[in-house]
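Student: Residue numbers (numbering that gives the first Met the number 0), protein chains in the order written: chain A, 0 to 353; chain B, 0 to 219; chain C, 0 to 237.
Keep in mind that the hints were calculated from the coordinates and are not lab data.
Don't take every hint at face value.
[Stated by the list, open to error] To spell it out: a stretch of chain A is covered by chain B in this simulated footprint if at least three of its residues, at any positions, have a beta carbon under 8 Å from a beta carbon of chain B; those stretches are:
(1) 4-18
(2) 26-36
(3) 65-76
[Stated by the list, open to error] Calculated Cβ distances over 10 Å to all of chain A for the following chain B residues:
(4) Asp2
(5) Gly3
(6) Arg50
(7) Trp51
(8) Leu54
(9) Ala60
(10) Ile78
(11) Arg110
(12) Pro113
(13) Arg117
(14) Leu131
(15) Ala132
(16) Pro137
A virtual CB, placed ideally from N, CA and C, is assigned to each residue, including glycine.
Here's the letter readout for the chains.
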Amino acid sequence: MIRFEGAAKRHPDGTVAVRGLDLEVPAGRTTVLVGPSGCGKTTILRMVNRMVVPTGGRVLLDGTDVATLPAAQLRRGIGYVIQQAGLFPHRRVIDNVATVPRLLGWDRKRARARAAELLELVGLPPETARRYPAQLSGGQQQRVGVARALAADPPVLLMDEPFSAVDPLVRAGLQEELLRLQAELGKTVLFVTHDIEEAVRLGDRVVVLREHGEIAQLADPHTLLTAPADAGVAAFLGRDRGLRGLGLRPAAEVPLAKLEPAYDGWQLTLDPEGRPVHWVHGGRSHPVPVFDPARDTLRSALDAAVLAPSGHAVAVDADGRAVGAASRAAVVAALAESAAPSPQAGAGAQVNHA
Amino acid sequence: MLDGEPLVRWRWLGDHLGYLAGLTGDHAVIALVPVLIGLLLALPLGLACTRWPRLYQPLAAVFNVVYALPSLAVFVVLIPYTGLATRETVMVPLTFYALAVLLPTTVDGLRAVPEPVRQAATAMGYGPWHRLAAVELPSAVPYLIAGLRVAAVSSISLAAIGALIGRGGLGYLFVDGFQRTFPTPILAGIVLVALLALVCDLVLVAARRLLAPWAAGVAR
Amino acid sequence: MNWLTWLNDFFAAPAHRSGPDSVLHRVLEHLVFSAEALALATLLAVPLGLLIGYTGRGLFLVTALTGIARALPTLGLVTLAVLLAGVGDTAVLLPLTALAAPPLLVATAEGIRGTDPDVRDAARGIGLTHPQTLFQVCLPAALPTLLAGARTAAVQVIATATVAAYVGLGGLGRYVIDGLATRDFPTTVGGALLVVLLAVAVQLLFALLIRYATPRGARTVRVDEPAGSSPALSKESI
């Protein structure tokens with residue numbers, strides 16, 4: 000567990016980055032710091048591994064003031080992932096990942112074996128191991144960055160906008176991967192981002208910051224989206240926070256109806272395995288928007304219903320076979336239901352209540 | 000004017016192979032030892048300049064001027080200290096020329112480490128010296144080798160001018176040929192100087208492939 | 000050290016005060032000769048550099064030429080030129096020009112090529128022709144780089160002109176070479192010192208020119224790399 004006790008940072012020129020932060024970051028969970036640029040979120044993150052030394056208050060790691068630990072020793076026990084990955088250009092991928100184990104005195108063979116394990120864990124093919132960082136794509140570099148941070152199995156992981164520099168598609172993949180990893184490893188993750196979407200997607204708890212590192216709201220993602228603490232937070236969340244909130248609820252909340260032969264003249268064609276192929280009406284055909292109740296969110300279900308020419312979202316199972324349908328009205332009815340959320344959506348939207 | 004003397008007398012070349020080899024060896028020592036010393040001086044100076052950035056501007060300005068000094072003039076000014084026709088008289092200025100090229104490249108190389116990489120290293124628990132040895136110096140290698148290529152080739156061609164004060168390796172062939180109106184040794188000298196430069200350059204390119212494989216075939 | 004006495008001897012000698020061997024005359028000779036070589040090199044290299052830099056074609060030629068030029072020994076070229084063409088200023092002017100041209104060529108080509116592509120694009124977009132773009136947009140932007148190349152060339156020419164006194168050229172090299180031949184150290188050292196002063200003065204002159212040619216907002220850009228090293232250390236050689 001990380002605990003900030005009145006932690007403050009004032010620059011030598013007198014400007015205040017963080018006025019005095021009190022915050023508890025629970026072990027084994029993902030806590031996201033989110034806020035506009037200049038709100039001090041990176042400074043707060045870097046106080047943990049002493050890349051920034053507080054000018055007031057203190058930061059405790061499992062009860063020990065980090066200021067009392069030797070910097071190098073402290074840092075080797077904390078994983079750190081940054082936006083541009085910061086891979087060593089002169090070392091092969093495998094040796095980049097093996098860096099901290101080697102610093103901790105592991106022999107080369109053991110460190111490399113561990114590094115290979117981690118590359119697999121973050122979903123990189125084994126042949127990447129021999130490459131140099133410049134030979135990888137941005138997304139791959141970021142995966143290597145995560146693998147490197149995890150190499151010595153540190154209990155704490157600091158992530159500073161790790162996915163901001165990659166394109167949206169790759170970012171979504173990396174986020175998914177992080178959720179999967181976190182479900183498996185249960186690290187104490189402190190994650191900084193300016194992207195509220197990313198914050199609610201990844202965080203078990205989200206800390207919305209104002210200027211000078213002041214906490215505007217600390218809540219689980221669902222509470223944040225449905226009950227922002229004040230107008231400032233609401234504005235930061237954006238106008239479509241209601242829609243975003245749907246992204247935290249499982250599509251399983253939508254009641255499914257049996258597939259019917261036709262809807263308003265639109266017929267669903269299936270392949271021999273039972274997977275939907277087209278919506279057909281007269282001579283027109285249209286692709287079939289689908290959702291998977293077991294894995295997708297309410298937002299996907301609504302999206303599919305809106306896009307379907309027949310007005311019915313088709314539900315599919317993990318193999319892509321059609322298992323039912325939901326009308327727009329049914330989806331909307333599901334949205335209106337339950338002020339009390341039951342957010343155990345699929346991998347895409349994991350939420351654990353604090 | 001040549002008065003019927005051929006441009007190249009092949010017999011002379013054949014008869015003087017050992018002599019030419021000896022001059023080439025002498026030339027290599029006079030030209031390249033200063034480059035090595037220049038490198039040994041550029042590293043600590045470059046490190047000091049990255050550590051205390053204020054040092055760099057004045058040092059760069061001084062070497063800028065030094066580099067522009069005509070070599071013959073510098074050789075001559077040194078004669079009272081190092082003697083006429085000694086190796087040192089030629090090698091001391093060449094060392095400064097090499098340093099003038101290598102200092103900026105060393106500094107550029109050490110500064111070439113991107114800030115995120117530096118920070119990542121610190122965050123993983125590298126101390127400043129450890130980081131220097133494990134991250135910054137290796138990253139500077141391609142820059143250093145680029146600087147060495149320029150310094151070595153320039154040094155090889157400049158060393159020949161030492162012949163005018165009596166110690167210039169292959170440069171002696173130019174003086175000798177000119178005095179005897181005999182172009183063969185001059186041409187041989189030009190070719191050998193160029194060849195020596197080429198060989199050095201190729202060796203350095205190979206060294207880069209070996210020492211900094213990440214720099215080749217990565218960006219292009 | 001008897002440095003001061005030597006210098007005193009050198010400057011006090013009557014022959015060095017007036018006549019063909021006077022300091023003023025030798026300095027002028029050196030300057031005129033260097034300027035001729037530089038002008039000739041400029042006429043050859045700058046138009047070619049503009050063309051290569053603007054079209055982006057033939058850049059390999061530029062790289063190859065600089066490499067070769069750096070590797071060729073000036074003393075060898077000068078002695079060979081005189082043996083082939085006879086004693087005379089023209090015989091020496093050619094190798095000097097050949098040595099001054101490559102740095103100018105590289106600087107021009109790289110300077111033009113280094114113009115912000117967006118700026119070039121915008122110039123074309125608002126209706127400038129290719130020549131207008133080159134001369135009104137690229138050339139002013141490339142001027143500091145070009146002048147840095149000219150400085151390298153000038154310094155090289157001044158140095159080589161000193162060496163060329165060995166084959167009979169006038170200028171300050173005369174003192175150095177004649178003094179060496181007769182073991183007359185005051186003359187040699189005095190001449191060498193004058194060459195050094197001349198080289199430094201030319202450097203300063205070019206530093207001023209470069210400063211003047213650089214737009215005010217861009218003056219923090221470093222154009223004062225050691226002469227000769229900067230063009231060679233462009234990215235592709237790393």
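Student: Minimum C-beta separation from B:Gly3 to chain A exceeding 10 Å: can you confirm that?
Tutor: Correct as stated: the minimum Cβ-Cβ distance to chain A is 60 Å, above 10 Å.
Student: Would you assess whether B:Pro113, listed as outside the interface, keeps its beta-carbon beyond 10 Å of every beta-carbon in chain A?
Tutor: violated (7 Å)
Student: So is B:Ala132 really clear of chain A, every C-beta pair being over 10 Å apart?
Tutor: Given a closest Cβ separation of 12 Å, the condition holds.
Student: Closer than 8 Å, Cβ to Cβ, for at least three residues: run that test on the stretch 4-18 of chain A against chain B and report holds or violated.
Tutor: With 0 residues closer than 8 Å to chain B, the stretch 4-18 of chain A misses the three-residue bar; violated.
Student: Regarding the assertion that B:Ile78 does not contact chain A, is the least Cβ-Cβ distance greater than 10 Å?
Tutor: holds (45 Å)
Student: Would the least Cβ to Cβ distance between B:Asp2 and chain A come out above 10 Å?
Tutor: Holds: least Cβ distance 60 Å, greater than 10 Å.
Student: Would you check chain B against the stretch 26-36 of chain A, counting CB to CB pairs closer than 8 Å, and say if three or more residues qualify?
Tutor: The restraint on the stretch 26-36 of chain A is violated, since only 0 of its residues have a Cβ under 8 Å from chain B and three are required.
Student: Closest CB-CB distance from B:Arg117 to chain A, is it above 10 Å?
Tutor: Check fails; 8 Å does not lie beyond 10 Å.
Student: In terms of Cβ atoms, is chain A entirely out of 10 Å range of B:Ala60?
Tutor: Answer for B:Ala60: holds, closest chain A Cβ roughly 30 Å.
Student: Taking 10 Å as the cut and beta carbons as the points, is B:Arg110 off the interface with chain A?
Tutor: Fine: 14 Å to the nearest Cβ keeps B:Arg110 off the interface.
Student: Taking the closest pair, is the beta carbon of B:Leu54 still more than 10 Å from chain A?
Tutor: For B:Leu54, whose nearest Cβ neighbour in chain A is about 22 Å away, the distance exceeds 10 Å, so it holds.
Student: Establish whether the coverage given for the stretch 65-76 of chain A by chain B is satisfied; the threshold is a Cβ-Cβ distance below 8 Å, and no fewer than three residues must meet it.
Tutor: holds (count 6)
Checked against the numbered hints given earlier, the structure breaks hints 1, 2, 12, 13 and 16 and satisfies all the rest.
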